[in-house]
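Protein chains in written order, with UniProt numbering: chain A, 1 to 564; chain B, 1 to 462.
Be careful, since some hints might not be right.
[To be verified] The list that follows gives simulated cross-link-like pairs (lysine-lysine, DSS-like), each with its CA atoms no further than 25 Å apart:
no. : chain 1 : residue 1 : chain 2 : residue 2
1   : A       : LYS360    : A       : LYS310
2   : A       : LYS224    : B       : LYS209
3   : B       : LYS413    : A       : LYS325
Don't read these hints as lab results, they were simulated from the structure.
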Amino acid sequence: MKRQFLKAGMAGLLMTGILAQTAWAQSDPTGKRRVTETYAITNATIFASPGQQATKGSVLFRDGVILGIGANVQLPKEAQLIPGDSLYVYPGFIDGAGLTGITKPKDLERPKDFVSSAPSDEIAGITPWRSASDQFSISGNQVDDWRKAGFTISQVLPDGGMIPGKASIMVLGNDRSVNVLLENTALAANFKGSRGMYPATAVGVMAKFRDVYQNTTLALDHSKLYASTAGVSRPEMTPTQTGMAAVVQKQIPVIFTVESDLEARRAISLQKELGFKLILTGLENYETVVDLLKSTGVPVLIKLQVPDDKAIKSQKADSASVATKAQYDRVKEAYEKALAQASLLEKAGISFGFSTADTKPGDALKAVQAMIKNGLSEKAALAALTTNPAQILGISRVAGTIEKGKMANFVISTDSIFKESAQIKHVVADGYVFDYEIKKKTAKENGKSDNGAVKVDGVWEYTSETPAGSSGGEITITKEGDDYSGTISYDDPSGGGKISTPIKNVSLNGKTLTFEFEVNAGGNTLTVTISGEISGKEMDGTMSVAQFGSFPMSAKLTTPSLTF
Amino acid sequence: MKKLKIILAALLGMGLNYSQAQTPKGSVLIKNATVLTVTKGNLENSDVLVQDGIIKQVGQNLKAPSGVETIDGTGKFLMPGIIDAHSHVALDVVNEASAPIVAEVRMKDVVNPFEIGLYRALAGGVTISHAMHGSANVVGGQNATLKHRWGSTDPADIIMQDAPRTIKFALGENPTRVHGRGNNIQPRTRMGVEAVLRNGFSEALQYKKAWAGYNSAKGQKGNTTSPPVYNDRLKTLADILDGKIIIHCHSYRADEIYMLINVAKDFGITKLVFQHTNEGFKVAPEIAEYTMGASVFADWWAYKMEVYYSTAFNAAILQRNGVITSINSDSAELIRHLYHEAAKTQRYGGLTDDEALSMITINPAKQLGIDDKVGSIEVGKQADLVIFEGHPLSSYAVPQMTFVDGVKYFDIKADQDDQRQFVSATEMVEPIFLHAEDDHQCLQDVDAYFEAFQGAFFEEIL
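Excised from the complex, chain A in its bound form (with noise of 0.2 Å):
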């Protein structure tokens, strides 16, 4: 009796502890606590919802909420300042079934008697019981990318085989933050086969998914039958049947992961078979399927990206004969197609949101762009990327425009967001900002002479990374008619001092630069080969020496020769 009063003190005296630490603790010994949780971004040009115009004005916010908007908004002095008067403020975007900061969980070992026809759930990939916010870090895979990339929130689902578990809805805000803003939001569910075990393929995997779904109908008329009647066997439900009970009862929905028109009727058709909730992901070719999105209704979710244009680009139509010249034009057409899909799904008035899983965070708003050249308004694209993501996860209510009250969680451009030329400058996610380096370019930039070709003549300082260590020096261009030659110099490999050598095969294509030059080492001959994208004043490239692989490099134009 004693002892256990005793254990209640030390528990309360533990719990006062934190309480005063939280209460009172002044020293933050990490450095990491914010000065003020309050900011406001003043005569910025504000885009609060999709199709709206801009208005000028300040937006305040507060620990993660925002207190008010408009020209007349009175900023408390606690307030952080964040000037905004050449500055674009829009809704932060919203993702669904993206994978952003996901950890795969390891593969479970096979039992000694494992037998491949029948394996168990859980080794199938059937694993509904498992939720995305245990796969998920803040820190992980990608988050600093996408948030770089605009993107506050994102609905993460957990990675695995063909039933990997719930969804997620996670805020991309800071990194001692509880994240998670709603968890089993959906199940998610592709047509992806086990590897050599039952079911292994989408054939498998589609009669392995009717069968999970009715035996959890089953299950859970027994358990009602059990609570109801006497004399009635126990119910087992499995963790498989408890996991997949709230998509039977239609509580939540299952997110299928579709690339294709057909995986998109596949999941339609067991969705009218069944009965259940759905949303489609992950759509990259659906040009065929839009009158059955638009009859269906079902809530769309396409793939951030849009397809490469190799094949394009690779044709040598001077060279072809009729019959390859038609089939390009059949790839060509192919191509300008899949670019006015969405548009496609505008024109029939479906509202679609986009799913970042296996997209490049550094190219979405090229994609996106890519989408309003080929049709898509710009209203529409906004609205992917907020408003219609909010709704078809069910967060509008908090997030998806700039209202007050709303989470505070903005997008902040140096330009109108889909114009080329805009850059992200910051991005506040949870009433976090986040603030990010403008590179300096624009059409007028120094790096061009007035004809509008790159200027590379002159003095470049260069530094370069390899895994012997960073090094450097100079790179003098010159310019002899249409020709360039010049020199490098280097750290001598056998050390002391720096080696200046003459630079061959200088050319400039477009914007890219590429010359040669040899290092001679311990005996040998190295061609070492310089090809870097010159922007301004600065080059972005790669030094690759044959054998020995690629090491990025950077330089900067510090002395251009005069042009007359």
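Add chain B to chain A, keeping to what the hints say.
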């Protein structure tokens, strides 16, 4: 109540529940052709009138109603659309090889209407194919009967929705290799194959009984019977026992063919067709007496041990013993000249024109349970037709036009170099997999399965 309906719907084996969109139906008058009806003899200089996809009149001096196109068939041969009782064309997946019985998988789930093989088949006069599951399992998946409506984007539009259900079985080396040798489970031998079948059907009987018991107890007051586990695999086997599904069984050796006949007899199964059936000639009277026939190759064998004892006279021997016999392709290449394959029965066995032609028309239609709808040129049947230059059994025959439901899907004069429906936006040249085209497709996807499972296991593909 709604939930109950859903379960019932699934238990009744309703397939994909595609909203049954109206597929295109055409009208056309083909004049002055030699009409090879297959079931009612040959009609010289005759006309066939098709309206709304149905053959309305066969005769002479027929007039086209207004708005109906007339095609001159002078000097040409008109025959029913060719039916291939064994194909894997237009399927995204062929084998779910992972268990000895996978009766629950449905090929209708993975039909791909964009596959160019459909157009190539049309160019060979084939209007219907039986898109089968592969032969890796003792009981494979449920097959789809396809109508080659090229240009459809919805798989449901190329599935012949009014065809009965069929299922793939396989005996002999394939299932014993995949499961016995490959996975060390039953069946490792032909005896094991029989055991798997008998156990499967016995379990299906128990399954049916359990559900019947539950369904009758469910409505009673104070019921304490809980629902049995749902199992579409056993439900499908029970449907076979109830005569709702036609078995199409991959088989080569006479002993195993006779074995399956005995199993079928024991379980009261009558809807049974043998596929390949290379040693069928040894048990022709038994096949004739008890089954819906055999679907064979014209002259293809010796690609593995169990297929050595074979003869090109197989089809003729079966036919003359009263077996409903068809010639099939099992290949995306052979499907383009099945008329030529049928003609081989005249070289080897001296069959008549009608007998040879029935092997690629009315006989496969009977084996698929669709002979009341297609397979011959008769008033009231669906207008699946082919116009040939030259008699179809001649070596010089060339299909000119192919119609499905009176709609022309192939015309040699309008044949473009590039007939693809779907072109990749990112690949200049689409990958072509030669081995899948060259060989039988029965074990397609199986080697991939085994590579994933335990390294490259297969040397033989077939």
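If any of the earlier hints don't hold here, list their numbers in rising order. none
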